[in-house]
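Novice: From just these sequences and the hints, can you work out the full model?
First to last, the sequence lines map onto chains A and B. Take 1 as the starting number for the first sequence in this note's numbering and just add one per residue. Take 417 as the starting number for the second sequence in this note's numbering and just add one per residue.
In short, the hints are calculated from the structure, not lab data. Accuracy of the hints is not assured; some may be wrong.
Stated by the list, open to error - For lysine to aspartate or glutamate, the following DMTMM-like pairs were computed, each having C-alpha atoms within a straight-line distance of at most 20 Å:
1) B:K446 / A:E284
2) B:K690 / A:D163
3) A:K274 / B:D637
4) B:K732 / A:E254
5) B:K690 / A:D47
There are 2 protein chains.
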Amino acid sequence: MSRAISNLQIDSARLWGAIHETAKFGATAKGGVRRLTLSQEDKQVRDWFRRACEDAGLEVHVDALGSMFGLRKGRDMSKLPVGIGSHLDTQPTGGKYDGILGTLGALEVIRTLNDAGIETDAPICIANWTNEEGSRFAPAMMASAAYVGDFTVEDILSRKDADGVTVAEALDSIGYRGATKVGTQKFSSFIELHIEQGPILEAEGKTIGVVDSGQGVLWYDGKIIGFESHAGSTPMPLRRDALLTLSEIALALEKIALKLGPNAVATMGEAVIKNPSRNVIPGEIGFTMDCRSSDAAIMDAIDRELRAAAAEIAAKRKVEVTLDLVWRKPPTHFDPKLVDAVENAASALGYSHRRITSGAGHDACNLNTIMPAAMVFVPCKDGISHNELEDATQVDCAAGANVLMHTVLALAGVAS
Amino acid sequence: MSRAISNLQIDSARLWGAIHETAKFGATAKGGVRRLTLSQEDKQVRDWFRRACEDAGLEVHVDALGSMFGLRKGRDMSKLPVGIGSHLDTQPTGGKYDGILGTLGALEVIRTLNDAGIETDAPICIANWTNEEGSRFAPAMMASAAYVGDFTVEDILSRKDADGVTVAEALDSIGYRGATKVGTQKFSSFIELHIEQGPILEAEGKTIGVVDSGQGVLWYDGKIIGFESHAGSTPMPLRRDALLTLSEIALALEKIALKLGPNAVATMGEAVIKNPSRNVIPGEIGFTMDCRSSDAAIMDAIDRELRAAAAEIAAKRKVEVTLDLVWRKPPTHFDPKLVDAVENAASALGYSHRRITSGAGHDACNLNTIMPAAMVFVPCKDGISHNELEDATQVDCAAGANVLMHTVLALAGVAS
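Specialist: Dropping the structure here:
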C-alpha cells in the first residue's frame, strides 16, 4: 500500500457536519433526537441519506424491510462487497451519535475514497439497517435479524407498535418498503463503527475500542394480575396490589444482576398500570425486562433466578405473574481475523486502543452469525447513551471513521 | 306518625330497575360501568336523572359546577330542605352501585312519598354531586368541596384532566354548566346512602352501617428524576434508576401503613414512566399516593414517615424525589344527632346494624363541615368497589333506601 494511502484520513469536519445536519430530523429541545423507526422524521433522514449516497455515486437500493444499501463498485465485481454501516433510527429521547456515527462514518469513508480517487479491489457497500433500536417495534435489530434468517420477513412485517400500526403499514406510509428481497445484498464481511455507550474507554483514556464480543440478551414481556379495589376501604392485609408486586419483582431483578455481576445487567424499562386511578389499588400491570451478559451460563442463571423470584412474590401476594421470554440472543464472539484487522488499523494509525465487550446489541452481532463481522468503538461522554445528553468529540468520531476506512481498505484491497 | 307511615316501604323492584337501567350508560363488557365525570356517558345519565326528577314533580336546577338538585316542596317553605343524594359518576372501571345507589335511592324516596301522597313539613331536596370520584379531575368530591367553600369555583373550573381539558370546558361540552351559583341551594342537613365499599358489614352479617365517622385523606403527587441511560451498557452500580426508586417508595409506603394500622391504609395508585423503552433505564416517573386514617395523629405520622423514607431512598439511589401534598382532608366526625336519627330508623325498621367508619371519602364528609350530615351504608359483595365486579343485593339496597326514607321523614316531619 502506498504511503499516500496508508496516511489517508477522512474529512473530520465533513463527517461532523453530516452528523449535525441530520440531527435536525427529530431534534429535541434538549439537544437530542427523537427519530423512531419508520416515522416521518426517519423518512426525512432516509431521504437525506439516499441523496447523499447517490451524490457519492453509489447504487442505492432498499429491501423489503426498508434497510438501505449503497454500493460502490470495485475493480473485481465477482467479489462480494465489504459491508459497513449502522442505523439512523433513535430511541424516543435519544442522542445524535448512536447508530448515526456508524452510518454517516461509512458514508464519509466512501466520500474520502472518492476524493482520493481510490478504487478498491472488492466493492464496498454501506448500509442503514431498519429499526435497530426496537423502541417502536420489537424486537430490536429486526431487519438484520431477518437478513440472517432469525425471523421470516412476513413475521417482522406483521409486528405492531403500541398504536397497532404494523411494520408493513409503517414502511408503506413513508414509502420505504423496497423492491429488493431481504438477504439479496450479500457481504464478504461487515464492520460497524459505533459509540461505546458505556464508560470504559473514557475512563481509561483510550480512543478506540476493538470489539471482540457482545452481550447476549434476554427480553421478557410480563404481566401481573392482582385485584382492583378501593384505596380507602380495602384493609392492607386483604390487598392484591399489582404495583407492589411489580416493585418487588423490579428489586429482585436488580439483586440478581448485582449478585451475578459485574458480567450481568438487568433492567425493567417499561411498566404500565391498566386503568390507573389515584384512589384505586392497581389491579393489572404490563411490563418489560432486558437482561444481558456476555456469558451464556450467567444468562441461564438470570432466567432461572428471575422466574423463581417472580413465582415466590406472586404466591406471597396472591397475584398472578406471567413472564414471557420474547427474545433470547446468545452472546456474540466476533470473527477473530476481523477483530485483528480492526486492531491492526488502530495500531497503524497510532490510536490508543483496547479490546472490549459491547454492552449493547448491534446489527453487527446479528450479521456475525452468517459472515465475519466486527465493530469499532469510540468513547462517549460519561458513558451516556439512549439519552438526549449523549455526546462524543469530533476527534474521536474522526478516529473511529479512520479505523473503519483502513480496516475496509485492508479487507477490500486497493486496486493497483 | 301514623302506622301507615311508620310501615312505609320504598318500591324495591323500581329502585333495582332504575339502578340497572342507568347502568347501561357506560356499561363495560365485564358488567361494570365506565362513566367518568362530565363525559358523554355522564351526560346520558344526567339527562335520564333530570327527566326522572321532573317526572316526579321536582323542581330541577343545576349549579355552576354541574351539581344537580331536585326540590320537593314541603308544607312549610320557610324551612330549609333536608338533603339526600350522592353521585352518578364512576371510576374508569367502576361498578353499578358506588354513588348510584345513594342518588337513585334518593329518587326512590321521592317517588314513594309521591305514591303514598305524603307531604313533609320541611321540603326535601335530592342531589347528584359532580365529580365525586376524582379519577378524571382532581380533587375527588370537588363540587361538594366548592359548595362548602374549601375551593373557589374559579379554581375548580380551571382544573384539567390528563388531556388538558378543563372542568369548565368539560361542563360546557355536555351542557351542564348550570345557572345556579354554587352554594345557593341550602340544606338543613344531608343524608347520603352508599354501599360500604369494604368487607365489614358482610363479614358480620349486618344489613345497615350507621356511619359515625370517615377517614381523613392525604393525596400526594410525586416525581422521581433519575437518569435515562442504556440498559445494556450501563453497569448496575452506576445507575440512577427511577423505577427502582419508585419500587422502594411503594414498598416503604406499604410498610408504614401496616405499622400504623389497622387504622391506616396507603396506596400508590398511579405511576407513569416518561418516554418508556424496554432497553432504556427509566429516567423519570410521575406517581400519586392516597393515604387514609380516621385518626388525625396517624395521618401526621404517615406524612412524616413517608417523607423520611422517600428522602432516604432518594439519597441512596442518587435521584431526586419530590412529594407534593395536593390534598389533605381531616377525618370526619358525623353529626351525633343525625347519626342517632339513622340508627333509630334502622332499629325501627328491624334491620341489624352497627356503627361504622367510612373508609372512602364521600360528599357527605364535605357537607358535614357546614351542616349536620350522616350516612347510611349497606353491604357490598366481598367488600369490592371501584371495580367492575362491585355487587350488592336488591334486598340490602332496598333496606338502605328505607332507612334513608325514614330518617328523612323524621328530620323533615310529616305534615299533619
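Novice: Hints numbered earlier in the text: which of these fail when held up against the supplied structure?
Specialist: 5
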